[in-house]
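Based on the provided sequences and hints, a complete structural model is requested.
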Amino acid sequence: MTSAALDAHELAPQAAPAAQGAGPRRGAHPVLRRFATRVISGIVVLWAAATLAFWTLQLVPGSVVDILAGDLSDPVLRDALIAEWQLNLSAWDQYVAFLGRLATGDLGTSYVQRQPVLAVIGDQIGPTVILALTAGVLGVVGAVLLSTFSIGRKRAVRASLSTIELVFVSTPVFWSGILLLLVFSFGLGLFPVAGANGVQSLVLPAVALALPTAGLLSQVLREAMERTMLEPFIVTVRARGVREALVVWRHALVHALLPGMTVAGSLVGGLLGGAVITEQVFGRPGLGSVTLLAVTNKDVPVVLGVVLLAAAVYVVVSTALDILYTAVDPRLRGAR
Amino acid sequence: MNAAAPLVEVEDLTVAFAAGSGRKAPSVPVLRGVSFSVRAGETLAIVGESGSGKSVTARTLLGLTGPRSTVTAARLEIAGEDATAFGERDWRRVRGGRIGMVLQDALVSLDPLRTIGNEIGEVLVTHRVVPAGRTRERAIELLESVGMPGADRRVDQYPHQLSGGLRQRALIASAIAAGPDLIIADEPTTALDVTVQAQVLDTLAARVAEGAGLLLISHDLSVVSGIADRVIVMRDGVVVEAGATAEVLTNPRDAYTRRLLSAVPSASSRGYRLGDASGSAEPRERTALPPRAVQRERIVLQADGLSKSFAIGRGHSTVAVSDVSFELAAGETLGVIGESGSGKSTLASLVLGFLEPDEGVVEVLGAPWAPLAERARRPRRGHVQLISQDPLSSFDPRWTVDRVIAESTLRLELTAAEARERAVRLLDRVGLDESVLARHPRSLSGGQRQRVAIARALAPEPEILVCDEPTSALDVSVQAQVLDLLADIQAERGLSLVFVSHDLGVIHHVADRVIVLKDARVVETGDADDVLLRPQHDYTRALVAALPQEVRA
Amino acid sequence: MTTTLERPPATDAASSASVSARRARTARRARPPRPAVVVALVFVAFLVALVALPGVFAAYDPYATDIGSSLRAPSAEHWFGTDRLGRDIWSRIVFGARFSVLIGLAAAAISVVVGTVVGIAAGLSGAFLIGRSGRVLDEGLTRSMDVISAFPAILLAMLVVTFTGPGVWNIALAIGIAGIPLYARVVRAQTFVVTRADYVAHAAVYGRSRWAVLREHVLPNALVAVPVLAAIDIGTSILAVSGLSFLGLGPQAPVPEWGVMLAESRDVLRVAWWAGVFPGLFITGSVIAFTTIGRWLQTRDDGSRS
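Residue numbers (our numbering), protein chains in the order written: chain R, 93 to 428; chain P, 2 to 554; chain B, 164 to 469.
There could be a bad hint or two in this list.
To be verified - Each computed SDA-like pair below joins lysine to any residue, with the alpha-carbon atoms no more than 20 Å apart:
no., chain 1, residue 1, chain 2, residue 2
1, R, K390, B, G328
2, P, K519, P, L534
3, P, K519, P, G316
4, R, K246, P, K25
5, R, K246, P, L65
6, R, K390, B, L336
7, P, K519, P, E340
8, P, K25, R, A248
9, P, K25, R, R245
10, P, K25, R, V249
11, R, K390, B, G330
12, R, K390, B, N333
13, R, K390, R, Q207
14, R, K246, P, P27
15, R, K390, B, L213
Said to hold, decoys possible - Here are some, though not all, of the chain B residues that point toward chain R, as calculated from beta-carbon distances under 8 Å:
no., residue
16, V310
17, L322
18, N333
19, L402
20, L410
21, R433
22, G439
23, I446
Unchecked claim - Chain B stretches covered by chain P per the calculated footprint, using a threshold of three residues with CB under 8 Å from any CB of chain P:
no., segment
24, 351–363
25, 367–374
26, 379–392
Read the hints as simulated data drawn from the structure, not as lab findings. Keep in mind the model is a prediction, meaning the values are calculated, not measured. All C-beta atoms in this analysis are idealised placements derived from N, C-alpha and C, irrespective of residue type, glycine included.
This is the structure:
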């Protein structure tokens, strides 16, 4: 809401009117330069995240050995473990090795399962991705429909749609999941209670996960469209004899895409986090159970791997959105 | 079509809006008993100040008054059809098809996210003027018909990539794309430089010559006098005067029209009051302003060789002010004329010490002023004060008027009682009541806010007042009062003014001497009469010539 | 000799008519709030009462098990029914309020305080106080915020808990940290806008010192959005806290935290719908209430500034 609007202000500052005409531009193409800047800053963010995570772990001394050795306190075993896991190197050497491994895509080895983290995650990531994507698409479609429907309606209609948005955003995913289970699985028996077999078992979790996304995105889109409808150029558009529906879809919605895309970046993170919870509610296999298990077992590399993966996804999505921004708003394409 | 039949015939039009919210909101009439007509090949101008209802009139002709409006008329005929019976579909036929509308400032009146071609194409598609494949071609043709150079390139550009004048012409092209008989232009040349205004008006006039009708809504009487055949003057939703342009402007019958015309500053109003303090309808007799003594030997403000550049992007810089020098004598008003981009705002910032000059010096009352460390300048800040174009943005949005006025004299550490007494005195001097002190500036009108700004500026008893477009955002009658007030105060206190404006009429009315800025340089300086009546430099000549004939009341 | 009559009016056709109405609205700032807002305020007051004096509202000891009465439907004795261990759900909800609400408050407080300080530092260093080194500081702070916002709050919390073990204050810290970028960005943007505002420039004309301008103009205006965001953020934090507790990362059973209660209800849903419905109702209700209050603060702000 406010934050989204102000984020948009920050990301898309009032562009000074570019010089008239299309004279030859000196230097690299501004869009390419922007892309390169974003990619670089994305890498910096990932590096900083990984560094932060690594050094936080170092602050808790001895814990790694404890995890690896479990309850066994046999010194010989511990020494062997230390050697095997290179824990006898200095912290800085370990950090460099850690970065080196990351650069090649190696997320380390699980303490508990003694397998590469990538393998551990890779096994289970499929269902989570499917769930998050489906919920994302549902959420976006729902948001667009909800917000465009409410433009120009009577106050009562707008107020009730606004309330629906508020409820969607405020309902925790684990509760809506439980309610859906109660009504549709236990009550009506329409959908399976648990598992990840086919489309049927995807419906309820995807719907539950999609609701907060739909609610938040709808709020942002609606407020942006309402603001746009008050702009002077809308009067010009109406004065051309354009149908009201087209005024909303062709003009207002496009303008609302800008703050919408700003919010979309954070929504991706929310979908991933929400997927973890939803999987627990519906008993679906996926990253959720893997990560929770790892947390309980203090299997740091796995948790770290998942977190870094999520961060990587966010950075990629943000960079893509930033590029798209310039595609939607031509005023940003000029020199910065 | 019968050439004699009017394109639009309006008789006794009344438009009311539901004020506030809810179903039982009272209905406030905004237009009452308005009648006029426009024929093919003629230009009718509607002239009025804010709240006169002129824009609402235009919107009514397109059915764009909104859902909370009630429109009643004895006759409302558009292209011979009865518009009071129109449904939404009929209105959509009229919009763009029979009547095209041009609004002011194409930067915000065109969708900034779409190309010019797409915007024009939208009209073509909506009214099925050409088959879908040919819209781009037709758009280029239309752009060429409004005199857009390089139309085949421009058609794919976005509004922000064009200059103000070209943008406005693109907007006109989109308004006429479906070949409407009537064009409504609502303030089409505001936000444009004077030299560009002429081009836009010529474009409109060309369409009239080809047989279209033009309903021109403007607050700019000189624009109106140059292009309109007939004029109606509106005030508070009512037509107070109507007739041929020449007649109305030289021989107005209505008292309001007369007051309006006499409130316009120009060379002939120099030395006389513009406004009417009593508010009564006294016609031509002008009261003289109090005499002002200019002491040429005492120079209060001196600028020598000021230059300032700004870096933009990497390696590029733009020169805002280049080698500008001037002198301000005690009691004198120096007019600074310049269009947008001339450097006048930067010059004002340099004089006020907001920016430090790259080269050159400023001296105030004989002592160095810029470049100077703020710590050294701070004790002398009271000598130079500022009145800017938008007073509201110069007030802290959370403060009430008393705190706003007190801020300029906080250094003096007055007691609460002293500060209040001073504020009341100042408010009284600028014609505001003591009760204003507790109010928020947002609840005041534009003229009242500017008076508060003047009171605040006078509080530290300055010698020099920098006025940066102080009346550009005000209605002409309010501007008249503010200019008169400034003249009174200046005569009383012997103030010296630096008056920055793009409006030559205002400058000619207030200034003793002027400097003309173009592209960061001073191109001409001298006495106001000399420069404005007998301009030497080409640019000044072009500025003066771009204005249609002077309006004499 | 341009002869101008006026500054052209706003393009909204009804502006002239509703100007007077709008002025009247602005003047009447003490307008009574909408019924929804009143309900929200009442609910929050009720929550505060639950947190402060749970004993007054609860009928049973929230930890007392009574296997004989397990999984009873809502009745006169047990308003919200009982759970698997026979504990009265209503009483557990009453005592659980302190966990969700207080942890949520703590998390929001961390976000607000740290985020605001970072936002002001970034916004000021960009222009006002320092200069070129200021821009470096601004960049650094902004990038740090980017790093934090790259992590979904839930996953960030899971990472923290992996190191520290589950617990109340650990998740409060995690959620608090995850919420910092929101305030930092908003306050930074506002600070930017305010430091470039006309009234700040004018203060120089009156000879005001930089500190005075900071104190009287910049800070009050830059922080205007904070109470609004904070109110809404308390709601979001309660959501996050209960979510993490649902996963078992927060307070552990048998603590009657609402998220924990929902996790416990999952297995008995088929036979005891009440165990899953009522705790969630309170979570959702709390979030809606705080969000509504935040929105109401915002409309009051907007109204007084329009």
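Right, here's what the structure says about each hint:
no., hint, result
1, R:K390 <-> B:G328, "holds, 8 Å"
2, P:K519 <-> P:L534, "holds, 18 Å"
3, P:K519 <-> P:G316, "violated, 24 Å"
4, R:K246 <-> P:K25, "holds, 15 Å"
5, R:K246 <-> P:L65, "holds, 18 Å"
6, R:K390 <-> B:L336, "holds, 19 Å"
7, P:K519 <-> P:E340, "holds, 7 Å"
8, P:K25 <-> R:A248, "holds, 15 Å"
9, P:K25 <-> R:R245, "holds, 19 Å"
10, P:K25 <-> R:V249, "holds, 19 Å"
11, R:K390 <-> B:G330, "holds, 14 Å"
12, R:K390 <-> B:N333, "holds, 15 Å"
13, R:K390 <-> R:Q207, "holds, 15 Å"
14, R:K246 <-> P:P27, "holds, 19 Å"
15, R:K390 <-> B:L213, "violated, 36 Å"
16, V310, "holds, 5 Å"
17, L322, "holds, 5 Å"
18, N333, "violated, 11 Å"
19, L402, "holds, 5 Å"
20, L410, "holds, 6 Å"
21, R433, "holds, 5 Å"
22, G439, "holds, 4 Å"
23, I446, "holds, 6 Å"
24, 351–363, "holds (count 3)"
25, 367–374, "holds (count 6)"
26, 379–392, "holds (count 4)"
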